[in-house]
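Enquirer: Hey, can you work out the whole structure from these sequences and the hints?
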Amino acid sequence: MRVEDIIRRFREAVRDTADPPFWSTEDIVEYLNEAVQEACERAKLIEDRATPAVCTITLEPGKSSYDLHRSVLQVKRLVFRGRVLEETSVEELDCSHGAWETRSGMPRYWVFDGANSRGTPRIRLVPTPVEAGEIALTVYRGALKPIDPCNTQAQPEIHERFHMRLMDWMLHRAYLKQDADAFDPAKAATSLALFEQAFGERPDANVQRKHRDRRPPIVQSNW
Numbered sequence: 001m002r003v004e005d006i007i008r009r010f011r012e013a014v015r016d017t018a019d020p021p022f023w024s025t026e027d028i029v030e031y032l033n034e035a036v037q038e039a040c041e042r043a044k045l046i047e048d049r050a051t052p053a054v055c056t057i058t059l060e061p062g063k064s065s066y067d068l069h070r071s072v073l074q075v076k077r078l079v080f081r082g083r084v085l086e087e088t089s090v091e092e093l094d095c096s097h098g099a100w101e102t103r104s105g106m107p108r109y110w111v112f113d114g115a116n117s118r119g120t121p122r123i124r125l126v127p128t129p130v131e132a133g134e135i136a137l138t139v140y141r142g143a144l145k146p147i148d149p150c151n152t153q154a155q156p157e158i159h160e161r162f163h164m165r166l167m168d169w170m171l172h173r174a175y176l177k178q179d180a181d182a183f184d185p186a187k188a189a190t191s192l193a194l195f196e197q198a199f200g201e202r203p204d205a206n207v208q209r210k211h212r213d214r215r216p217p218i219v220q221s222n223w
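No gaps in the numbering here: position 57 of the sequence shown is 57 in my numbering, and each next residue is one more.
Worth double-checking, as some hints may not be accurate.
[To be verified] When the alpha-carbon atoms are kept at most 30 angstroms apart in a straight line, the in silico BS3-like pairs for lysine-lysine are as follows:
1. K145 - K177
2. K187 - K177
3. K187 - K63
4. K44 - K187
5. K44 - K145
6. K44 - K76
Bear in mind the hints are in silico, worked out from the structure with no lab data behind them.
Expert: As structure tokens, then:
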């Protein structure tokens, strides 16, 4: 569904027939971009193993940590020279491998650090690589870039079968607008419930961190 169609349906849903419209095109597209991101974070709708800027890490000898594309929400798989690397956590490495931070060699494990204060997710490789090369990633991500309000022929990046359900988040946001004619917390709550029914509740950051810290134990090995 094109953005212009989503805008039209939104205006029909909120009965925005004013001239000029009560909700600007910029407002509506902002709600739409939020809806796409929320849907991706909740339901992991975009699995990507093919976009070079997202799914490739170029290794540098002596460098263990690498920034990932800002759209990455979760890393599913890493492959280096045909070998699948194992996910672990700092806590597990501390328990299983003394002085792991100083070890160098062919990477065998990886630790994912979600978006930091700069909004950039990172991967740490263990041991620290000693040779150049490329690692292939499979990730779950959000949209590569937000939709431009001027490009009404664009389509949301997620599959079209989910496009109508994005409207629930857009209505949720619209009914929270701080305006006497728009603010309706009951309708906002109803729309949010419908969105959660379609895509699930928003992941709790603290729960996600604890889940990462409880990775399966790694097998003791000689590096």
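Enquirer: Checked against the structure, which of the hints given earlier come out wrong?
Expert: Result: hint 3 breaks, nothing else.
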